Amino acid sequence: MKYTTEFRNSEIAQALLTRIRQGSRKKVRFMEFCGGHTVAIFRYGIRQLLPKNIEMISGPGCPVCVTATADIDKAIALSQIKGVIVTTYGDMLKIPGSRSSLQKARADGADVRMVYSTLDALQIAKENPTKSVAFLGIGFETTAPTVAASIIEAQEQEIKNYFVLSQNKLSPPAIKAILQSGEIKLDGLICPGHVSAITGSRVWDFIARDHKIPCVVAGFEPVDILQCINMLVNQVEAKLSKVEIAYGRGVIPQGNQIALNIMSQVYEPANARWRGFGVIPGSGLKIRKAYRNYDAEVRFEIKTKPAAEPKGCLCGEVLRGVNTPLDCKLFGKVCNPETPVGPCMVSSEGTCSAYFLYGDEFER
Amino acid sequence: MNDKILLAHGSGGKLAHDLITKNFITALDNEILIRMDDAAVFTASGRMAFTTDSYVVSPIFFPGGDIGRLAVCGTINDLSTSGAKPFYLSLAFIIEEGFAINDLQQIIASIKTTADEAGVKIVTGDTKVVNRGCADKIFINTAGIGVIPDGVNISGSNAQPGDKVIITGTIGDHGIAVLSQREGLGFTTQLKSDVAPLGKMVAHMLEVSRNIHSLRDPTRGGLASTLNELAQQSEVSIRIEENKIPVRDEVNGGCEMLGLDPLYVANEGKMVVIVVPEDARGVLKALQQNVYGKNAAIIGEVITGRPGRVVMKTTLGSSRIIDMLVGEPLPRIC
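Read top to bottom, the protein sequences are chains Z and A. Its first residue numbered 0, the first sequence is counted upward by one per residue in numbering that gives the first Met the number 0. Its first residue numbered 0, the second sequence is counted upward by one per residue in numbering that gives the first Met the number 0.
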């Protein structure tokens with residue numbers, strides 16, 4: 000797998016940094032939406048290399064982090080139903096719900112299994128015909144098509160014991176919510192690379208057009224990110240606001256039509272609750288009536304008690320970009336990767352986890 | 000001959016006796032084991048090193064090795080971290096009922112090959128069989144005894160500012176090779192585990208320099224965790240450079256796919272060497288002449304600074320803290 004060495008090339012990175020330092024005059028604040036970008040920015044120490052007038056803040060693009068406590072509780076409750084095998088991506092296991100986590104539920108006897116793809120979940124359903132296998136649909140547009148495809152596959156193969164608890168979310172409504180709230184002022188947006196590979200870069204047009212904020216879609220290697228920041232700086236200095244792509248090897252304006260078709264075949268947009276945001280209209284993906292036999296919410300009566308948020312945890316504010324983990328009294332003290340209080344410390348893409356693992360000594 | 004392990008194979012009765020004589024004693028043949036006493040008896044003198052470890056890797060056969068080779072190498076390498084020359088190993092199996100005897104024979108053959116390569120003897124052993132479902136296929140425990148040459152004083156507490164830090168080859172090979180075989184992952188790669196007995200390589204280093212301060216094999220938790228342990232034990236700081244750390248393209252690629260960092264991925268045939276700066280070049284040269292040290296590199300140095308702190312200069316020129324591994328993202332890789 001090449002494509003990593005070239006995009007980690009130190010000389011190209013230095014050249015881009017020089018351009019950024021020379022070209023950037025105004026004091027600006029850029030947000031990276033995606034948790035993958037947050038981790039890469041920290042891992043390569045990009046913040047410390049940028050000139051002081053460029054402030055970087057992290058956004059809500061960590062799918063596990065934005066999953067509301069009530070929805071975690073629902074997944075745990077589902078694992079308590081007799082005969083149900085819950086399948087999920089690994090990151091979800093440790094996320095604390097109100098009273099437990101999937102990991103603790105598993106230790107107490109629930110059948111919770113980590114999978115790497117929906118195909119594994121389908122396979123488990125085939126191998127356990129007397130059980131019901133539920134997959135936790137978590138993630139943005141990047142994973143939603145694969146979950147949708149698994150439902151279509153289950154129908155074609157007549158697998159009747161496979162269900163999806165759909166908690167997938169759409170990214171543009173979250174950005175819209177941040178911009179409309181007016182809580183923070185942004186001068187540029189690093190748009191998510193993998194999401195845009197599916198949606199196309201056009202979904203961000205409204206930000207450039209209506210909010211006059213420069214947008215650049217970026218990949219996840221250091222050279223990708225520096226290239227993106229350089230393009231944002233150029234737009235800011237030239238007083239432009241348009242959507243550009245700094246990730247040409249992955250993204251085109253119109254997106255992946257096949258994936259988009261599969262998504263809209265299986266899902267319809269619905270309201271969804273987000274940690275830190277509350278309900279964002281049209282930001283969720285509900286399984287359409289035609290596929291209701293695969294909807295875990297339809298198949299099972301999932302009972303949960305009212306959700307209880309962890310006291311003092313600032314994950315919600317961190318996800319909106321209003322606070323950084325350093326503002327949180329729990330950060331690094333009671334809340335660390337070993338004993339996480341909130342999801343942003345658990346997820347490998349979480350902002351708190353990135354600050355903790357990679358932050359320099361001034362940030363500890 | 001029954002081709003599966005039965006509970007009776009671990010009972011101490013006739014079936015057990017047959018299993019031991021036909022498979023273990025014959026295959027592992029040496030003058031101490033062949034006496035078949037309950038305790039191995041041998042003569043040794045000098046400062047001793049003694050260690051034990053258990054092996055539960057899944058799958059038991061993986062590219063580049065198997066649980067048997069791993070069980071021998073792991074214990075030899077732990078002995079080698081003290082500078083000891085490994086001599087004798089014990090070998091205990093916990094086997095799940097129904098395990099294929101063919102597989103057991105293959106594992107024992109691999110144990111024999113590895114022990115011969117390293118010049119160690121398996122001198123005592125034990126076998127238990129548990130009901131189906133009470134263990135996953137086969138678990139192995141080995142313990143080992145070695146003798147430390149005169150004048151050698153190696154410890155994780157001995158690193159001093161100014162010392163150079165060497166890694167004896169590419170990192171992450173074992174972890175990614177094993178993960179590539181896991182059920183549900185199944186990506187194909189040419190990559191092989193680096194599992195290897197490092198006793199002879201360590202002896203070669205000690206011939207070149209008696210000023211090696213610390214040795215440690217970066218197994219679970221990877222290079223990052225090992226450097227943290229050494230920095231904490233010696234109450235020093237360690238600075239490494241990202242672009243000097245040897246990593247295979249396949250490991251980088253596998254890590255990208257799995258969302259891992261090679262710094263935290265396990266090795267089973269590597270050593271971190273901390274040595275006085277004057278001897279670093281000589282040790283590196285000695286390592287590079289060894290089959291298991293061809294890709295050795297000096298990756299950084301010990302510095303004064305916050306005790307326990309490991310810092311890495313990234314390829315971009317920024318620096319970041321390298322912390323211990325937290326949690327267990329890769330269960331059962333050794």
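The set of hints was computed from the structure by calculation and includes no laboratory data. These numbers were taken from a predicted model, which means no experiment stands behind them. Treat the hints with care, since some could be wrong.
As the list claims (entries may be wrong) - Straight-line alpha carbon distances no greater than 30 angstroms define the calculated DSBU-like cross-link-like pairs of lysine-lysine that follow:
no.	chain 1	residue 1	chain 2	residue 2
1	Z	Lys93	A	Lys3
2	A	Lys312	A	Lys243
3	Z	Lys332	A	Lys243
4	Z	Lys159	Z	Lys285
5	Z	Lys125	A	Lys136
6	A	Lys312	Z	Lys51
7	Z	Lys26	A	Lys312
8	Z	Lys51	Z	Lys238
9	Z	Lys130	A	Lys136
10	A	Lys243	Z	Lys81
11	A	Lys243	Z	Lys25
Legend entry - Pairwise hint evaluation, Lys25 (chain Z) against Lys243 (chain A), where the allowed Cα distance is 30 angstroms at most: violated (37 angstroms)
Legend entry - Given hint Lys312 (chain A) paired with Lys26 (chain Z) - CA-CA distance at most 30 angstroms: holds (28 angstroms)
Inset, instruction - Below or equal to 30 angstroms on CA atoms is what counts here, so check Lys125 (chain Z) against Lys136 (chain A). - result: With Cα atoms ~24 angstroms apart, Lys125 (chain Z) and Lys136 (chain A) stay inside 30 angstroms; holds.
Legend entry - Lys93 (chain Z) paired with Lys3 (chain A) [C-alpha distance capped at 30 angstroms]: violated (39 angstroms)
Inset, instruction - Assess, step by step, whether the Cα of Lys312 (chain A) is no farther than 30 angstroms from the Cα of Lys51 (chain Z), and give holds or violated. - result: holds (20 angstroms)
Inset, instruction - For the pair supplied as a hint, Lys243 (chain A) and Lys81 (chain Z), confirm whether the alpha-carbon distance does not exceed 30 angstroms. - result: violated (53 angstroms)
Legend entry - Hinted pair Lys159 (chain Z) and Lys285 (chain Z), Cα distance within 30 angstroms: holds (19 angstroms)
Legend entry - Given hint Lys238 (chain Z) paired with Lys51 (chain Z) - CA-CA distance at most 30 angstroms: holds (20 angstroms)
Inset, instruction - Would you mind confirming whether the straight-line C-alpha gap from Lys130 (chain Z) to Lys136 (chain A) stays at or under 30 angstroms? - result: Roughly 26 angstroms separates the two Cα atoms, so the pair holds.
Inset, instruction - For the pair supplied as a hint, Lys312 (chain A) and Lys243 (chain A), confirm whether the alpha-carbon distance does not exceed 30 angstroms. - result: holds (10 angstroms)
Inset, instruction - Decide if the proposed pair is consistent with the structure: Lys332 (chain Z) and Lys243 (chain A), CA atoms, cutoff 30 angstroms inclusive. - result: violated (34 angstroms)
Hints 1, 3, 10 and 11 from the earlier list are contradicted by this structure; the remaining hints agree with it.
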